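Residue numbers (our numbering), protein chains in the order written: chain C, 1 to 78; chain G, 1 to 349.
These are calculated hints, taken from the structure and not from any lab test. Among the hints, a few may not be true.
What the hints assert, rightly or not - Reference listing, derived: stretches of chain C covered by chain G, where coverage requires no fewer than 3 residues with Cβ under 8 Å from a Cβ of chain G:
# : segment
1 : 4–11
2 : 18–25
3 : 29–37
4 : 59–72
Computed from a predicted model, the values in this text were never measured in an experiment. Note that beta-carbon positions come from the ideal geometry of N, C-alpha and C, so glycine has one too.
These are the residues of each chain, in order.
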Amino acid sequence: MEIKILGPGCANCHRLEERTQEAVAALGLDVTVEKVTDVAEIASYGIMRTPGLVIDEHVVVAGRVPTTDEIGRLLSEQ
Amino acid sequence: MTTQVQSARPTWSRWAGLAAAALAWLALYRVNAPFWDWLIYGVFGLSPDSALGSSLHFFGYDLVKIGLLLVGIIFVVTVLRSFMSIERTRALLGGKREGAGNVMAAGLGVITPFCSCSAVPAFIGFVAAGVPIGVTMSFLIASPLVNEIAIGLLLGMFGIGPTLLYVAAGLTIATVAGWTLGRLHAERWVEPFVFETRLRGQVIDSSAGLTWDDRITMGREEVVTILRKIWPYLLVGIGVGAVIHGWVPTDFFATYASAENPLGVIVAVGMGIPLYSNAAGVMPLVQSLYGAGLPMGTLLAFMMSVVALSLPEMILLRRVLKPQLIATFIAVVATGIVAVGYSFNLLLA
């Protein structure tokens, strides 16, 4: 599984990254969380509001910071 | 499904919690003035006529009042805005022409949830979907310029008149500036890669599938995020107000920065452009300076230049816009703000 955090470095992007790390740790998954900060690449995912959460190249959340629980659910659904 | 069971809180407890919070808010708002009267004039024994007494009273009372207003407004605005999304805005603007499209973009810029850190993805997303550059710029100008939190604060501090003036002026600037940039064929100053960006995957509507609990959580988190960001501005703004209130004679500013001073508005806008804060952060300072006798037009122009034109956003936008467009953008918006400042000073004189 491949997880990407889309965000140029705003407060919400950092919060999404922290919570994703927490969710990954809670589920005991062995995955890498990659940060995408280049705006052109972020835009190419079709999102217009950061931050975005991408799991295996699918945008699952955009424009808000979900709770750690919700991220956990999204991760286990994939 | 187990996920449903996990997230479902009893409905009554959610609404009871909200109602309790609203009551506590009202109670605090009500006891604010009597509390500071009691503390400063009673316990400390200071006279309301003394510089120190009136100053401390002003600081305490305003800090609590503005703090409460901010908490209430940010929460309500965030919950309401969670029903709107930038994806829906783009769909609405898709087939629009310049002119009507600019007006609509400015209006949607006010109600669409948006932060300037998303300016670039939003710009690319709009242009890639065929929204004209001028219409896109109207949206990007209106979004920080006419801000619901600023609208709420203005209503709470100055009443309906200045609030309506502010909204009308902001929408006019965003509409006219965006239309002007469109007429100047600003698309030649957009970095070519923007037009080549192909959007992959499916568009996610960021407002889709949210429950009331999600929206309430978003509201609470937004209150914390914004207050954490702006508290220094709040303290400085109200502190300046307290000093002015106690020690600066009321005719001091009237002498140097009255509505008749022909350079007043230009100086205010020139000072506002390099400063950067959001509307919530700059409003306490505006209120303090208004109390000191500065004219409303000059102050609104100052506030607009602080929130609408900012160096960090320009640096971000440089990724997609050539320097010519950034310079034109600043010039057009600054001209609009200066014009608004002078007309208000004339109208309200």
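Taking the numbered hints from earlier one at a time, note which ones the structure violates and give those numbers from smallest to largest. 2 and 3
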